[in-house]
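J.: With chain A's structure known, arrange chains B, C and D on it following the hints.
Protein chains: 4
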Amino acid sequence: MIITIQCKDQLGLVADISRILSQNQLNIISMREHVDKAECRFFMRLEVDGYSDEILLEKQLLKILPPDSEIQVNPAPEKKIVVMVTKEYHCLADILIRNSFGTLGASILCVIGNHDLLKGICERFDIPFFLVPYANGKEWAEAETINRITSCQPDYIVLAKFMRVLSPEFIARFRDKIINIHHSFLPAFAGANPYKQAFERGVKLIGATAHFVTNELDEGPIIAQQIVPVNHSFTALDMVRSGKEIETAVLAKAMRLVFDDRVFVVHNKTVVFEH
Amino acid sequence: MIITIQCKDQLGLVADISRILSQNQLNIISMREHVDKAECRFFMRLEVDGYSDEILLEKQLLKILPPDSEIQVNPAPEKKIVVMVTKEYHCLADILIRNSFGTLGASILCVIGNHDLLKGICERFDIPFFLVPYANGKEWAEAETINRITSCQPDYIVLAKFMRVLSPEFIARFRDKIINIHHSFLPAFAGANPYKQAFERGVKLIGATAHFVTNELDEGPIIAQQIVPVNHSFTALDMVRSGKEIETAVLAKAMRLVFDDRVFVVHNKTVVFEH
Amino acid sequence: MIITIQCKDQLGLVADISRILSQNQLNIISMREHVDKAECRFFMRLEVDGYSDEILLEKQLLKILPPDSEIQVNPAPEKKIVVMVTKEYHCLADILIRNSFGTLGASILCVIGNHDLLKGICERFDIPFFLVPYANGKEWAEAETINRITSCQPDYIVLAKFMRVLSPEFIARFRDKIINIHHSFLPAFAGANPYKQAFERGVKLIGATAHFVTNELDEGPIIAQQIVPVNHSFTALDMVRSGKEIETAVLAKAMRLVFDDRVFVVHNKTVVFEH
Amino acid sequence: MIITIQCKDQLGLVADISRILSQNQLNIISMREHVDKAECRFFMRLEVDGYSDEILLEKQLLKILPPDSEIQVNPAPEKKIVVMVTKEYHCLADILIRNSFGTLGASILCVIGNHDLLKGICERFDIPFFLVPYANGKEWAEAETINRITSCQPDYIVLAKFMRVLSPEFIARFRDKIINIHHSFLPAFAGANPYKQAFERGVKLIGATAHFVTNELDEGPIIAQQIVPVNHSFTALDMVRSGKEIETAVLAKAMRLVFDDRVFVVHNKTVVFEH
Chain A
1 MIITIQCKDQ LGLVADISRI LSQNQLNIIS MREHVDKAEC RFFMRLEVDG YSDEILLEKQ
61 LLKILPPDSE IQVNPAPEKK IVVMVTKEYH CLADILIRNS FGTLGASILC VIGNHDLLKG
121 ICERFDIPFF LVPYANGKEW AEAETINRIT SCQPDYIVLA KFMRVLSPEF IARFRDKIIN
181 IHHSFLPAFA GANPYKQAFE RGVKLIGATA HFVTNELDEG PIIAQQIVPV NHSFTALDMV
241 RSGKEIETAV LAKAMRLVFD DRVFVVHNKT VVFEH
Chain B
1 MIITIQCKDQ LGLVADISRI LSQNQLNIIS MREHVDKAEC RFFMRLEVDG YSDEILLEKQ
61 LLKILPPDSE IQVNPAPEKK IVVMVTKEYH CLADILIRNS FGTLGASILC VIGNHDLLKG
121 ICERFDIPFF LVPYANGKEW AEAETINRIT SCQPDYIVLA KFMRVLSPEF IARFRDKIIN
181 IHHSFLPAFA GANPYKQAFE RGVKLIGATA HFVTNELDEG PIIAQQIVPV NHSFTALDMV
241 RSGKEIETAV LAKAMRLVFD DRVFVVHNKT VVFEH
Chain C
1 MIITIQCKDQ LGLVADISRI LSQNQLNIIS MREHVDKAEC RFFMRLEVDG YSDEILLEKQ
61 LLKILPPDSE IQVNPAPEKK IVVMVTKEYH CLADILIRNS FGTLGASILC VIGNHDLLKG
121 ICERFDIPFF LVPYANGKEW AEAETINRIT SCQPDYIVLA KFMRVLSPEF IARFRDKIIN
181 IHHSFLPAFA GANPYKQAFE RGVKLIGATA HFVTNELDEG PIIAQQIVPV NHSFTALDMV
241 RSGKEIETAV LAKAMRLVFD DRVFVVHNKT VVFEH
Chain D
1 MIITIQCKDQ LGLVADISRI LSQNQLNIIS MREHVDKAEC RFFMRLEVDG YSDEILLEKQ
61 LLKILPPDSE IQVNPAPEKK IVVMVTKEYH CLADILIRNS FGTLGASILC VIGNHDLLKG
121 ICERFDIPFF LVPYANGKEW AEAETINRIT SCQPDYIVLA KFMRVLSPEF IARFRDKIIN
181 IHHSFLPAFA GANPYKQAFE RGVKLIGATA HFVTNELDEG PIIAQQIVPV NHSFTALDMV
241 RSGKEIETAV LAKAMRLVFD DRVFVVHNKT VVFEH
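Here the protein sequences come in this chain order: A, B, C and D.
Just so you know, we're using the working numbering here: the first sequence kicks off at 1 and counts up by one.
Just so you know, we're using the working numbering here: the second sequence kicks off at 1 and counts up by one.
Just so you know, we're using the working numbering here: the third sequence kicks off at 1 and counts up by one.
Just so you know, we're using the working numbering here: the fourth sequence kicks off at 1 and counts up by one.
Chain A extracted, bound-state conformation (with noise of 0.2 angstroms):
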């Protein structure tokens, strides 16, 4: 079993959580913890040995948690996910391949593209693929988008290479739900096109980022971030195809750790309980 806790700090938390583990006769395999001080919160991940009823031991939690504890008991071992995508193959491919073979830690509902570019990798897979382009603008757009989610009622939604900037309206329906991939070592070079600054400023590394989506663009908690070194000899479009290796690595991780419950959000920034 599984056991996710973020809550209010205060003394003996972890006295009181593992007593009722232990009195329900579950052995503690691996415990994580943490406490940002600053926001006085604490969070924690168990991975337990044996078996209780999910929702009696989710009860017997809450009455010794404070109030305002947020508590999973066995969350979905498989997360339902919704891939939104603009034309770029990589990250997208690299999806359903680990879906296709089970290893994706998610099941992959429909994907959702502007263009039809990528229809085609999409049906070789059996995945349905929904055009919703935005010639008849970004509201329309959006809103056939929300239809086609609601409908489905994916755990998260994964930005594949979407280059769309998303409306404020549409994230909030989705808050600490999308996870997007950045091409860039965020805050380094944020907004548009990012190799092409990290080019003109002769950077001896380019990288990666996969973070929840806030309104702030390019400004949300960071789950992940790798980096590649680089050279004089590379142009911008090296640089481009040496990034993609990174973007489909970087993603890939971050959806292992979110899909994995490892990851909290607290204010602008995650908790990650990596192995």
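Quick caveat, the hints were computed from the structure, so don't treat them as lab data.
Please read these numbers as outputs of a predicted model, since none were measured by experiment.
It cannot be assumed that every hint is accurate.
Since the list can't tell identical chains apart, any single copy or any two copies may satisfy a pair.
Unchecked claim - No farther apart than 27 angstroms at their CA atoms in a straight line, the calculated lysine-lysine pairs in the DSS-like style are these: (1) Lys119 / Lys8; (2) Lys119 / Lys269; (3) Lys244 / Lys80; (4) Lys37 / Lys138; (5) Lys196 / Lys79; (6) Lys79 / Lys244; (7) Lys87 / Lys253.
T.: The following block gives chains B, C and D in isolation, referenced to the frame of chain A:
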């Protein structure tokens, strides 16, 4: 306060330990635990806020833990070390600098060298240097070294590029207390001249490994490893030069982890509670 | 145009080569050269602007170079490959995706598997899959495989997690043409089950190595290597999962380098002119 | 011999240069070249075997190269440097150590500090330390610093954690000669207190950047960059501690590259011929 515990694994350990802490009004800042299933062994490192009598707390913990438990309540915040060297300066100099500015997490009692090349740098930092040459035989040299060490009672012995193989008798006296830096990513290129081996094999990365010393040459529990990329344009000497940088960094990291009480040994492996 | 040259080293090679280029009005965009002193061998890769008759240029170059020279003027920009697999999908799927979107730098002629588990994914991408089981013996299987390969004349054979050891006869037929991905940072953990070996040794990093296949198991010239950090909380299975990511990335990088004519073999080593 | 060349790009440069070398019986060990297409500028670094009169060779090369060419035949193998510091010891100590053991590729003429905290470590290594406080105003301090520098004629000025912004006048006097280490992966977190900025942004990696100093704060040509992973458990102070390690390493690498005549400046970028 810092508390480290290792013992046989059993149900309810975390509950019992955290109850004792809670009863002592000690608030957990950071709790890291690991269970080695193969060995059925439990490891924990705690940082707690508040103060409690150390001897009393240790007694209370021992009462609730299995008979074979090893507990340390507030282990020495600054370890004492003896450094052993041969001719290469880079690791020793790094240790002397950190020692001099109080950021080593340890204090150097003395340096023992089987050559006198590094006497000068020790003198610059007012650290006693003892020359123990091997000209009179290994037996004599080790006896002399043991005399020096036992007379100053260090917590750890750091082999900062000490290029002699220690005898089983020597090693037995300082079990899990001798930290070595080996100039390859073990288990690749164990033994002599790893950079020459690496050059001849044509590897694309070279590395360094910090480990506790056991009787099996270069087979002791690994504390930290890191690598650096190389290519066809590197001569064996270029690899040596690049390697020294990573050797220094890896040994520094391993020392920090050990002196910070983050490393536990379980057979030929380590449990390392990194940040 | 791309030109690659390897020959015995001698004085004035660069001057002679670049004079020929200059006489042909070819402007050097990128020139990389290396001399292996032990072998007294010269390697060069050129990218030039402009156009010249390829056969004529080759003749002019041959005239000024030592007798044993190997020259390629505009080697095939898109290589043809046969992929061999067993059961694991990750490397194959990555190759299929890149092939499908035209970014592999090669085109897949067919996939040969000694199990039929990966037939489905090949069919999704309309790539012929041939099952060549080892039930009838290795001799039969290799003969059958050689038939398949010789009938389609690939430039390279990519072992994308093909888990059988090839015979010396097989290897001899495709010298410097078989690319393998081994799931460890060679020479550590050669042979079977490297992740189990890595787990038992307690290493703090695991890796992957792409190399050309020779008769010595896992001893062929290394093209690319990379590592990923692990720690005590990784089971052998966790290492396998992390390792697959790096295997995929390293094989992809090695293929890109080879297909881009950036890799030369000199005895058991490679010269790799990376960006 | 080492030869560096930069000039306007034109057809036949490599042929002309290598012909001159060949006529002088100089065998090319390593030749690296780059053309910056946007600037139409050619860069080359050569290592050659054999000996030729340096002035004569330079004359011969100048004759065949475009008028604006910059050639260095056998630039000083050991550069002379002045180091400027404030309070932090880590970069300075690393430089002093390398200087002391003859592996810096440069010799330190003196150290100038705007505080006296690092006087002691300089004295340990018998390196002159000059205190130039800013209490009397920046203008006075810079004038005094310039006096010190001009009186000893260094090849480079290394800002080893010098925490004052230099005036445009100061910088103009030492164009492309001032190497700075900035404690972030630029362009992220330029300006003051980058670790605090990094902590507040919740990044998952922090970095360091070595660059030449120009009038635009933290906007000069980047020589080298590196990063180190961090996570939610790092306080801003932990980031500072981790960052210092990488600052030291990146500055050391940048100095090695510059002192080894491997770095060319082209506008706000560098061409770096690494191994």
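J.: Indicate, hint by hint, whether the structure satisfies it.
T.: Verification of the hints:
1. Proximity of lysine 119 and lysine 8 under a CA criterion of 27 angstroms is satisfied in neither setting, with 46 angstroms inside one chain copy and 48 angstroms between copies.
2. In this assembly of identical chains, the alpha carbons of lysine 119 and lysine 269 never lie at most 27 angstroms apart, being 35 angstroms within a copy and 41 angstroms across copies at closest.
3. In this homomeric assembly, lysine 244 and lysine 80 come within 27 angstroms of each other (Cα to Cα) both inside a single copy, at 25 angstroms, and across copies, at 24 angstroms.
4. Taking the shortest Cα distances, lysine 37 and lysine 138 never come within 27 angstroms of each other, neither inside one copy (41 angstroms) nor across copies (40 angstroms).
5. Taking the closest pair of Cα atoms, lysine 196 and lysine 79 never come within 27 angstroms of each other, the shortest separation being 35 angstroms inside a single copy and 30 angstroms across copies.
6. Proximity of lysine 79 to lysine 244 under the C-alpha cut-off of 27 angstroms is found in both arrangements, the shortest distances being 25 angstroms within a copy and 22 angstroms between copies.
7. For the identical chains of this complex, lysine 87 and lysine 253 are neighbours both inside a copy (22 angstroms) and across copies (23 angstroms), given an alpha-carbon limit of 27 angstroms.
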